[in-house]
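**Q** Sequence:
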Amino acid sequence: MREAVFLQFLLGILACFIVFCANAEDPYRDYTWVVTYGTRAPLGVYQKVILINNQFPGPPIEAVTNDNIIINVINQLDEPFLVTWHGIKQRRTSWQDGVLGTNCPIPPHSNWTYKFQLKDQIGTFMYYPSTLLHRAIGGFGALNVMQRSVISIPYPAPDGEFTVLVGDWYNAGDKALKERLDSGLGLPLPDGLLINGVRRSYTFTGQRGKTYKFRITNVGISTSINFRIQGHPMTLIEVEGSHSLQELYESIDIHAGQSVAVLVELLASVKDYYIVASTRFTKPILTTTGVLRYEGSHTPASLPLPIGPTFQVHWSMKQARTIRTNLTANAARPNPQGSFHYGTIKVVRTLVLANAKAKINGKLRYAVNGISYVDPTTPLKLADWFNIPGVFKLNSIKDVPTSGPAVLGVSVFGITLHDFVEIVFQNTEAAIQSWHLDGSSFNVVGYGSGQWKPDSRKRYNLVDAISRHTVQVYPTSWTAILVSLDNKGMWNLRSQDWSKRYLGQQCYLRVWSNEKSLFTETGIPPNALRCGKAAHL
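Just add 912 to wherever you are in the sequence shown, counting from 1, and you've got this note's numbering.
These are calculated hints, taken from the structure and not from any lab test.
Here the structure is a predicted model, which means the values were calculated and not measured.
Among the hints, a few may not be true.
To be verified - Under the rule of at most 30 Å between Cα atoms (straight-line distance), these lysine-lysine pairs were calculated in the BS3-like manner:
1. LYS1305 - LYS1195
2. LYS1183 - LYS1122
3. LYS1271 - LYS1310
4. LYS1310 - LYS1195
5. LYS1305 - LYS1090
6. LYS1090 - LYS1275
7. LYS1370 - LYS1258
8. LYS1183 - LYS1269
9. LYS960 - LYS1122
10. LYS1230 - LYS1305
11. LYS1090 - LYS1195
12. LYS1230 - LYS1087
13. LYS1258 - LYS1230
14. LYS1428 - LYS1031
15. LYS1090 - LYS1269
16. LYS1090 - LYS1258
17. LYS1445 - LYS1027
18. LYS1183 - LYS1258
19. LYS1445 - LYS1090
20. LYS1269 - LYS1087
21. LYS1195 - LYS1275
To be verified - Computed Cβ-Cβ distance ranges for the label pairs, DEER-style:
22. GLU1427 - LYS1258: 14 to 24 Å
23. LEU1215 - ARG1369: 41 to 51 Å
24. PRO939 - GLN1158: 51 to 61 Å
Note that CB positions come from ideal geometry on N, CA and C, so glycine has one too.
Construct all of the structure, not just a fragment, from the sequences and the given hints.
**A** The structure is reproduced here in structure tokens:
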């Protein structure tokens, strides 16, 4: 009898422990970021840059799936400022997205605190300023999310990892670039490329016989790059939060706003080797180098540099089609990624989005389906939440390209929550484009030259297309994606060529249902800033 009572007591304790563990909150990571101007010489010319906690690039966020992130951003600039979390899905809340369609900017010499969760996400991401042309002078950094210990990874655990932030750079400051765009002129070719904020010789050191993960992100404001490591092939393992097929690449194209992770085995002789990044689809080609150093090396890297592709669009498109989802791998949760059979879901709406260069009021602008976007003084999300009239009109942009001259406007698509949507990006220009969607990832099902037609669907990959949040569209070509819009909110769909975004190449998706529930969308944060027509609400 006494033994039975003791056993019941133990079982009760165990049950309480299980309930406690089940209800235990995910960890919190708290940061305070002081955003200031500073002086650096990324390309050898001293200039004003944006620092975060006196760092350029900004401090990395190293987190784990489901961590809660709290970041108090103190804006010490002379202009309003926002940070956006590129690729972080912000489940059930676009309030923390950090773009002018969802947030009032942080005024100079004040602060605002972001609070969001890395819910069911793993992978390689980044953050950067979304206001004006601030990201052209810094304020960007890495956001790396590792899997929880209970989740397996579909590749051997690396012996270490390196973060590689590659991007184009201008010696002219953000205000000079802004003045040029405001005057009606486009931006010239960048002055150079940077790796982790320096022009050359940034060094990554590892031990012979070991394997390292390189997290590589294109943080530039417009330019596609090709990345390669002298004498070292790279095994692709992850693309923007999705485990990929583990193909081997001698070099890989990474377009503006994109991220990849690769494994590199250090099996060569003990010496230094060049890491090379060069621009794609530019004349002339810009090149920068870093160094992979074997521990104990006394031999500097030697020429020639490994050769990369130049202007071959077809080469890049063929490579893009080889980047596919690993259907046998777990995602951030212990369910196979392949369980989402996107190819069997009925598409309820098709958007064909054509970008175009335009002249409006004598000034250079960029448009999507005939509308060049202009940010209203009241964020769209605030206007929607408080039912403020006169800020935007749903479906003011057409689902297909229109004829006639482009006009200024506030373009918002009205989408029903859980709609499965086909989006075709039609590039009418002879320059490569890069598009990013906040709030969701999408399956990249097709690339093609020329004009997209309904018959182009016969060429779609409906089995293992990679899931990502940023996709390239080749010159005078099209790219098609399929996306389940299951994240309620107001989400920015934008060009990652920042000058084109600044001049109107963006729009918003209002993903909506009438259900008012914390399971579909959280309420307005208590600390939400008010501005424009919402200033006194």
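**Q** Against each hint, give a clear statement of whether it holds in the structure.
**A** Hint check results:
1. LYS1305 - LYS1195: violated (42 Å)
2. LYS1183 - LYS1122: Given pair LYS1183, LYS1122 holds - Cα atoms ~15 Å apart, limit 30 Å.
3. LYS1271 - LYS1310: holds (20 Å)
4. LYS1310 - LYS1195: violated (35 Å)
5. LYS1305 - LYS1090: Given that 30 Å is the threshold and the Cα spacing comes to 28 Å, the pair holds.
6. LYS1090 - LYS1275: holds (13 Å)
7. LYS1370 - LYS1258: Status holds; Cα separation ~15 Å.
8. LYS1183 - LYS1269: Between LYS1183 and LYS1269 the Cα gap is close to 49 Å, so the pair fails against 30 Å, i.e. violated.
9. LYS960 - LYS1122: The hint is violated at about 40 Å.
10. LYS1230 - LYS1305: violated (40 Å)
11. LYS1090 - LYS1195: Holds. LYS1090 to LYS1195 sits at ~23 Å (cutoff 30 Å).
12. LYS1230 - LYS1087: Violated: LYS1230 and LYS1087 sit about 39 Å apart, past 30 Å.
13. LYS1258 - LYS1230: At roughly 28 Å apart (the allowed maximum being 30 Å), LYS1230 and LYS1258 satisfy the hint.
14. LYS1428 - LYS1031: Given that 30 Å is the threshold and the Cα spacing comes to 21 Å, the pair holds.
15. LYS1090 - LYS1269: holds (18 Å)
16. LYS1090 - LYS1258: Between LYS1090 and LYS1258 the Cα gap is close to 43 Å, so the pair fails against 30 Å, i.e. violated.
17. LYS1445 - LYS1027: It holds: about 24 Å lies between the C-alpha atoms, which stays within 30 Å.
18. LYS1183 - LYS1258: violated (55 Å)
19. LYS1445 - LYS1090: holds (26 Å)
20. LYS1269 - LYS1087: Given pair LYS1269, LYS1087 holds - Cα atoms ~22 Å apart, limit 30 Å.
21. LYS1195 - LYS1275: holds (25 Å)
22. GLU1427 - LYS1258: 14 to 24 Å: At 22 Å between Cβs, range holds.
23. LEU1215 - ARG1369: 41 to 51 Å: At roughly 47 Å between Cβ atoms, ARG1369 and LEU1215 fall inside 41 to 51 Å, so the hint holds.
24. PRO939 - GLN1158: 51 to 61 Å: violated (30 Å)
Going down the numbered hints, you'll see the structure goes against 1, 4, 8, 9, 10, 12, 16, 18 and 24, while the others check out.
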